[in-house]
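If you read the sequences in order, they're chains A and B.
Quick note on our numbering: the first sequence kicks off at 1 and runs consecutively.
Quick note on our numbering: the second sequence kicks off at 1001 and runs consecutively.
Hints in this document: simulated from the structure, not taken from any laboratory.
Errors might be hidden in some of the hints.
Stated by the list, open to error - In the DSSO-like style, the derived pairs of lysine-lysine whose C-alpha atoms are separated by at most 30 Å in a straight line are:
no. : chain 1 : residue 1 : chain 2 : residue 2
1   : A       : K180      : A       : K118
2   : A       : K24       : A       : K67
3   : A       : K173      : B       : K1032
4   : B       : K1006     : A       : K64
5   : A       : K20       : B       : K1006
6   : B       : K1006     : A       : K4
7   : B       : K1006     : A       : K67
8   : A       : K172      : B       : K1006
9   : A       : K164      : B       : K1006
10  : B       : K1032     : A       : K180
11  : A       : K4        : A       : K20
What the hints assert, rightly or not - The following residues of chain A were derived to be distant from chain B, with all beta-carbon distances above 12 Å:
no. : residue
12  : D14
13  : E16
14  : A34
15  : E45
16  : L52
17  : N56
18  : K64
19  : D65
20  : L66
21  : T109
22  : A117
23  : L128
24  : K137
25  : M156
26  : K180
The structure presented is a predicted model; accordingly, all values stated were derived computationally and were not measured.
C-beta: ideal position from N, C-alpha, C; glycine also.
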Amino acid sequence: MDDKRIIELFLARDEEAIKKTQEKYGAICRTIAANILSQREDVEECVNDVMLGLWNAIPPDEPKDLKAYIARAVRNRARDIGREANAWKRGGRVQIVGDEFLSILEDGTDLASDFEAKRAGEIISGVLELIPEADKKIFVLRYWLGMDISQIMHQMNFGESRVKVSLHRTRKKLADELGKRGIIV
Amino acid sequence: MRTNIKPENRRLLEAIEYIDEEIVLGVLAGLKDPEEKSIHGEYQKPSPFKYWRQFTAMAACLILLTAAFPVLNYVLPRIGISIGGRGGNAGAGTSELEAPTQAETQALETEDEKIDSPYPRAIDAYPADMPAEEIYADVLKGGWVVNYDFSEIEAGEDLWLDFLNKVDRGEPARILIATYPLEYPDGTISIELHEVVYDGKLFTHTGGSHRGIDSILKDFNIFRFEYLTKIEHESNNRKTIKWMLTHKNPYTYEDFGDEFMSNNGGIGDHESIMSFYYYKN
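The shape of chain B in the complex, shown without the other chains (with noise of 0.2 Å):
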């Protein structure tokens, strides 16, 4: 947010209460009306009293399935059902859970693991020791084209904002982005987007504005991205870097770390695929 606004310039506001009243009135006259709870939380408060019935009920339930489990405890077991156990262990007269066994553990620990990463991860798609320049040409292969400054979006628009929304919704959304890094003399680090893709389809940059690590990360909420540089002679160069954006910081050469930038003969003559993961906050 702009701080340092010359006062005389603040002239520039008295413009919107020029703007065509036509504009104004067909925007006013589509007004949905506001939620329920209002900025200040004071107008339009529910009753306490709304879901008394809601309430009540669920209370209901809740003493009769107290009253009714040390019964059912007994009887369930006998039939052949058990109460919170893995099925069958019919007249064995109780039902204290069996311990999962050595494979149930492990099934349960991979999926803690999903659970724990829920988000593809798009760089593992290729295998490992797939070149870096047959995936930058895989990440390439569409044709959408984008102008990543959300000014001019040349094609894919829709597609563009169907992603966002995806994010929106806090589902799983996940975009490769072909840049070109730069580093400035604050030891900070930029990034130059040429290409994105995004399910699939490609998204061409075809301006040239750098945008900070920073500001992408915040815009959009990322949670973590990982990269992927393209090295003309060196190994693939791969790394996940997890970064809350709660972090004031912009990204410096130490966050990178020296084989990001180094291992390809310096900063800005080299291509890097980065896969960023979005996250809702």
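Isolated chain A (complex conformation) (with noise of 0.2 Å):
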């Protein structure tokens, strides 16, 4: 079924939408809460709480894109319940992944003391338009989905080389340009 049909289903009250959404992005949706959460029971809570956050939030949202908004709150739920419950393994893939991208601190260097994560935020994104798109996509399923090399390899259809060439790289131009503007000092 196509994403217009399951939001008409959403914004008619029909419960099929639930069962329809849980068929074609159930299994998305488990591998996204599960980057991030260690117990397979909070996955299972989090593509829940999803489920129900649909129903909840269609009406009165009307998605354009249903994966990316579905996408997105799996995220985000699976954050919460990881900070809530701190389900997250100390070591898991969630620290390893954040480590990797903290490698843009050199040894040495530090946050400015006036830092604000938003307008470290803004700059990220500044950069993040700026690169070419395959990195830009790269980068967002590694740092912010929290992406394995192996999963984005077979997002990107690209090898192992070149995905973490093109993180290290954006990691680089991030560092200097979050220097440049007193981020980091």
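Mind docking these for me? Both chains are given alone in their own frames, and the hints should help you get the complex.
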């Protein structure tokens, strides 16, 4: 069933909408959640929460792109569950990906004392707008969505080296830009 | 991987939450369905009966072939077709393999050598007595420009990425890299990459950054490499080093050998051409 029809079912308050959404996007939802949460029960809770959330949000929402809408909701809900229940493992993927991103901080550098995450986010967005589309996608898949390299290889049809080089290159550009803008000192 | 991140610096992670929503949604809209096997291998397990038709057909073929073999083994040689032999042998009543001739054995051994070393030897493309300067000059022909630290490829990026993809696909790929070896006080060797030649095209390293050889090997899954130093007044210096990536120590002076380091009048004042053989684990 196409997304337009599923959204129509939501708008018509037809419970079939949940079933069809589960059928179509259940696998990707679980994959996204499992990238962030360590326990299967938490993953299932996250996906169920999102399905309920969709039911409550549509209407009034009418997402332009259902897949993106759901993927973002799953990622954000998984992050919240992780924070609430401290459900991600120490040394798990979230931490590994985070540490990798933080490698843009060279030894001996620190965040500026007046560091504002929002401003840094805007600078990162500015850099992402300027780099090639593929590099931008790889960055978001890795650091926003928490995908591992093999998942990104599948998503992008790229090899491992290509993905790693892209991440390395983008991190370096971000480090340069954040340094120029005084975020990293 | 960094492990000594100050707790206060971890706040930088919060910035990711403020990445422009349009960017994020644009990427998410293009998500492909995950592969059947999830990261935990616990979702969407394929049914064990999914391929039952194929298994049944294969089993049936195997049984038929097994049953038919004695008959075929008797009949076919008598009509001039041998099983497993190298043709002919009509009427001999046997299908035993003939012993290979000496020439065939040599050919097989040569073939084995090729299999053992599937990649072309870049340096061997040049005559052994060709002066290193001429080889070096030949290597530098072309015009691609790249900064090897990945961040500022100035030209020829497509070719470079094509190279990386080729490596990822496990296809033979080789590259010549002109370098300046440098030795650190602790004895480890670094190389400053200057010119990189791939597929006959030149990439020039325009920056001055140094990279440890071990890090380059890890980045590109290099299985082994050869080097040829450019020597001012002495003969060419060729050597092959095999190095498994599982080895955790960095290269040291000893790994390269005295001739590599000392024949050139010291570290840092000569050029090398390194021929890398890329290998996908």
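Do the hints match the structure? See the list:
The hinted pair formed by A:K180 and A:K118 meets the criterion: a straight-line CA distance of about 17 Å does not exceed 30 Å. For the hint pairing A:K24 with A:K67, the CA-to-CA distance comes to about 9 Å; that is within 30 Å, so the pair holds. With a C-alpha separation of about 27 Å, the suggested pairing of A:K173 with B:K1032 holds against the 30 Å cut-off. Our distance criterion of 30 Å between C-alpha atoms is broken by B:K1006 and A:K64, whose separation comes to about 41 Å.
For a cut-off of 30 Å, the pair hint linking A:K20 to B:K1006 is broken: about 46 Å separates their Cα positions. Straight-line distance between C-alpha atoms of B:K1006 and A:K4 comes to about 47 Å, which puts the hinted pair past the 30 Å bound. The straight-line distance between the Cα atoms of B:K1006 and A:K67 is roughly 37 Å, outside the 30 Å bound, and the hint therefore fails. A threshold of 30 Å between alpha carbons decides the hint, and for A:K172 with B:K1006 the separation of about 20 Å falls inside it, so the pair holds.
Note on A:K164 and B:K1006: the hinted pairing holds, with a Cα-Cα distance of about 25 Å set against a maximum of 30 Å. Restraint check for B:K1032 and A:K180: the C-alpha separation of about 36 Å exceeds 30 Å, so the hint is violated. Restraint check: the Cα-Cα separation between A:K4 and A:K20 comes to about 12 Å, which is no more than 30 Å; the hinted pair holds. The claim that A:D14 is not at the interface with chain B holds, since no C-beta of that chain comes within 12 Å of its own (minimum 24 Å).
Listed as outside the interface, A:E16 is consistent with that label: its C-beta sits roughly 21 Å from the nearest C-beta of chain B, beyond the 12 Å cut-off. With a minimum CB-CB distance of about 6 Å to chain B, A:A34 fails to clear the 12 Å threshold, and the non-interface call is violated. For A:E45, the requirement that its beta carbon stay farther than 12 Å from each beta carbon of chain B is met, with the minimum near 15 Å. Against the 12 Å criterion, A:L52 stays outside the reach of chain B, whose nearest CB is about 20 Å from its own CB.
Non-interface call for A:N56 relative to chain B: holds, since the shortest CB-CB distance, roughly 20 Å, exceeds 12 Å. Its beta-carbon lying about 8 Å from the closest one in chain B, A:K64 breaks the requirement of being farther than 12 Å from that chain. With a least beta-carbon separation of about 4 Å from chain B, A:D65 fails to lie farther than 12 Å from that chain, contradicting its non-interface assignment. For A:L66, the non-interface assignment is contradicted: its Cβ lies about 9 Å from the closest Cβ of chain B, within the 12 Å cut-off.
Interface exclusion of A:T109 from chain B breaks down, the closest Cβ pair being 8 Å apart, not more than 12 Å. Remark: the non-interface label on A:A117 conflicts with the geometry, its nearest Cβ contact in chain B lying 4 Å away (cut-off 12 Å). Not every C-beta of chain B lies more than 12 Å from that of A:L128, the closest at about 6 Å, which undercuts listing it as non-interface. Not every C-beta of chain B lies more than 12 Å from that of A:K137, the closest at about 5 Å, which undercuts listing it as non-interface.
Under the 12 Å C-beta cut-off, the non-interface status given to A:M156 relative to chain B is violated; the minimum distance is some 9 Å. Against the 12 Å criterion, A:K180 stays outside the reach of chain B, whose nearest CB is about 14 Å from its own CB.
In terms of the numbered hints stated before, the structure departs from hints 4, 5, 6, 7, 10, 14, 18, 19, 20, 21, 22, 23, 24 and 25, listed from lowest to highest.
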